[in-house]
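Chains as they are written, first to last, in the numbering used here: chain E, 1 to 159; chain S, 160 to 671.
If you are wondering where the hints come from, they were derived from the structure by calculation, not from laboratory data.
Hints should not be assumed to be uniformly reliable.
Distance windows between CB atoms, simulated [stated by the list, open to error]:
#, chain 1, residue 1, chain 2, residue 2, range
1, E, Leu144, S, Phe163, 37 to 43 angstroms
2, E, Ser129, S, Glu177, 34 to 40 angstroms
3, E, Asn126, S, Phe412, 50 to 56 angstroms
4, S, Asn389, E, Leu143, 34 to 40 angstroms
5, E, Gln27, S, Gly620, 16 to 22 angstroms
6, E, Ser3, S, His455, 33 to 39 angstroms
7, S, Ile407, E, Leu143, 44 to 50 angstroms
8, E, Phe139, S, Asn389, 28 to 34 angstroms
9, S, Arg651, E, Phe104, 50 to 56 angstroms
10, S, Lys445, E, Phe48, 41 to 47 angstroms
Keep in mind it's a predicted model, so treat the numbers as computed, not measured.
The beta carbon of each residue, even a glycine, is placed where N, CA and C say it ideally should be.
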Amino acid sequence: MISEKKRDIYAGALVVLLGIGTALIGQRYQVGTLTKMGPGYFPVALGFLLTFLGCLIGVAALAGKSVVETSGGAHHGGFAEKFDWRGWVCIVGSVVAFMVLAEFVGLLAATFCCVFIACWGDKTANVKSSFLLAAGITFFGVLLFSYVLHVQIPIVRGL
Amino acid sequence: MGGFEGIMHGFSVALQPENLLWCFVGVTIGNMVGVLPGMGVLSAVSILLPLTFGMKPVAAFLMLSGIFYGAQYGGAICSILLNLPCHPPHAVTCLDGFPMTKQGRGGIALGITMMGSAFGAAFGIVQMMFFAPYVAEVAFKFGAQEICALMLLGLLAGSTLAKGSPLKGVAMTVFGLLLGIVGTDINTGVERFTFGMIDMADGVALVALSLGIFGIAEFLKSVNNTAPINTAYTNLRVRDMRPSMADIKLAAFPVLRGTIIGSLCSCIPGTGPTIASFVAYAAEKKVSKTPERFGHGALEGVAAPEASTHSSVQGDFIPTMSLGIPGDAVMALLLGALIIHGITPGPRLIIEHPDIFWGLIASFWIGNLILIILNVPLIGLWVKMLMVPYKFLFPSALFFICIGVFADRNSLFDVGVTLFFGIFGFLLMWLKFEPAPILLGFVLGPRFEETFRRAMIISRGDLTSFVSQQHPISAVFLGLCCLLVGGQIYVRLRPKKPKPVEAPKNLTQAAE
Chain E
1 MISEKKRDIY AGALVVLLGI GTALIGQRYQ VGTLTKMGPG YFPVALGFLL
51 TFLGCLIGVA ALAGKSVVET SGGAHHGGFA EKFDWRGWVC IVGSVVAFMV
101 LAEFVGLLAA TFCCVFIACW GDKTANVKSS FLLAAGITFF GVLLFSYVLH
151 VQIPIVRGL
Chain S
160 MGGFEGIMHG FSVALQPENL LWCFVGVTIG NMVGVLPGMG VLSAVSILLP
210 LTFGMKPVAA FLMLSGIFYG AQYGGAICSI LLNLPCHPPH AVTCLDGFPM
260 TKQGRGGIAL GITMMGSAFG AAFGIVQMMF FAPYVAEVAF KFGAQEICAL
310 MLLGLLAGST LAKGSPLKGV AMTVFGLLLG IVGTDINTGV ERFTFGMIDM
360 ADGVALVALS LGIFGIAEFL KSVNNTAPIN TAYTNLRVRD MRPSMADIKL
410 AAFPVLRGTI IGSLCSCIPG TGPTIASFVA YAAEKKVSKT PERFGHGALE
460 GVAAPEASTH SSVQGDFIPT MSLGIPGDAV MALLLGALII HGITPGPRLI
510 IEHPDIFWGL IASFWIGNLI LIILNVPLIG LWVKMLMVPY KFLFPSALFF
560 ICIGVFADRN SLFDVGVTLF FGIFGFLLMW LKFEPAPILL GFVLGPRFEE
610 TFRRAMIISR GDLTSFVSQQ HPISAVFLGL CCLLVGGQIY VRLRPKKPKP
660 VEAPKNLTQA AE
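Based on the provided sequences and hints, a complete structural model is requested.
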């Protein structure tokens, strides 16, 4: 795990990057003046604000005053110690599979693969339970979304 | 329309079979979501939002609101019996609820929770009935300057008073404002931040954003990383839930105090039920003659926070419905749902759409009644639901996310956007940003920009008009903003004292 200080510095850097990017892109639209604000005025202002906030987060981290964990009570935790590539790849893969299959093959295949692939993200997954869950969700999902709610994806494309 | 007339009208709306059915569906799903470890209100509301597009706005809104307050009932079960705070507002209930369960008094804790919740909710609803129309009446006189300053106050409060670092919260709000202006600018027709993509011209879809940062990001974080569920204490019968007279006497004043704290918290924008429950617990511990019992199964420690959660949940609807300014992310989402259904939020809502406002209040009464009926005799069913393993939950939810986002605008591109926000949201959470304020900024973003532009046109670009003599109210709001920021800086720079309420380590896992 990385230290709180480093994490805050990264966080500040990310916000600064977002801010500078916004301000630069916003500049391309017409900025205008306060009286006659153009479409670029608000984005540029927000960009500067973000940059400033990012600097503050970074400075606070460097000054050693951790800006995290003071208010509220319940704070963030529960992040796994190790990178869980298996879970991440399966979840992202499941959504990508849905997009690709829904576009080219149809709802039936998209639903089944989406659920089946996601199941494998869990370390204790096995073929039987994943298959059963995927089949069950596909059955009810197609019934609900195709026949009741008329979602605009054909069950099988080309039929 | 007066209060009495209004509520009668409301009941005539809420009791229509269609609306009654959807209210029932909403609170039932809400209760289920509350019980299930690993599902949040935000993701549940966003998954169901696209399914409501075919419904009438009133029915849709009653259902979506039902999910929100229904989940508060379910969340308590999860906290008390499993020691898992499925929902942040109930994290503090674990402290005394679970020890009570271990002593075999879990049923009583739940019974008292139900009574306290009902009382808290009833108080919150009455408060909304009388308060919201009055607030809206005052807000009628607001011009662009006042509304702009009020939005700023709402945004600042929402981002600094919620959990996590205030500085990062503000950064997230600004990021949300930015996401809100993506797409075609309504004043000039210029496409902003679309990066040349036609699909982006309509802006980022609310559903895609919220399911990305609260759905996919959450799954990325929790997969293979959930606490094991301890089912040793889940055998519970209805008759275990009946508290004795002595229990009721013990809990009566804590419930009352909790309710009042909750309703006060709901008046401050940005302090939702989570803060209310923590404050109520701390207050209860302070006034108690035997504070050492807290943490070892004190009934007061369950009753007060639960009552305050419920009264603040209902009170949270006041600024949303009467001013059109949401106090937290759930309210922002519900407000977004109203906008999608073609209803303009703001002070005019109560007069222009009495069906929605009074119908909502009437449905609160009905919904809370249904929830009590659902929870007391059917407690065994909900307890069974606690055992649905996460490994079946998230793949199913992923499918609902994909198809829900698609159904929103019939666009697979939006599914990709959702995935992007999922990964980005995960990165943000890893950097300890709290993603909830993004939604707040996102929903208010376009209106904030428009109002600010209008204010500047009216005052001919004079920024000092916000604090001038013509606009004393906006000056007050801005003063409150300064107070808020100043207060945060003061709290941070003064020497640290130990926290009054220390959450145990295991609380943090599911609470996010």
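Hint by hint, here is what the structure shows:
A beta carbon spacing of about 42 angstroms between Leu144 of chain E and Phe163 of chain S agrees with the range 37 to 43 angstroms that was offered as a hint. Taken as a hint, the range 34 to 40 angstroms holds for the pair Ser129 of chain E and Glu177 of chain S, whose Cβ atoms sit roughly 38 angstroms apart. Take Asn126 of chain E and Phe412 of chain S: their Cβ atoms lie about 53 angstroms apart, and the range 50 to 56 angstroms holds. A hinted range of 34 to 40 angstroms for the beta carbons of Asn389 of chain S and Leu143 of chain E is consistent with their spacing of about 36 angstroms.
Taking the beta carbon of each, Gln27 of chain E and Gly620 of chain S are about 20 angstroms apart, inside 16 to 22 angstroms as hinted. A beta carbon spacing of about 35 angstroms between Ser3 of chain E and His455 of chain S agrees with the range 33 to 39 angstroms that was offered as a hint. For the pair Ile407 of chain S and Leu143 of chain E, the supplied restraint of 44 to 50 angstroms holds, since their beta-carbon distance comes to about 47 angstroms. For Phe139 of chain E paired with Asn389 of chain S, a C-beta distance near 33 angstroms keeps the hint of 28 to 34 angstroms intact.
Range check, Arg651 of chain S to Phe104 of chain E: about 54 angstroms between beta-carbon atoms, so the 50 to 56 angstroms window is met. Here the CB-CB span from Lys445 of chain S to Phe48 of chain E is close to 44 angstroms, well matched to the stated 41 to 47 angstroms.
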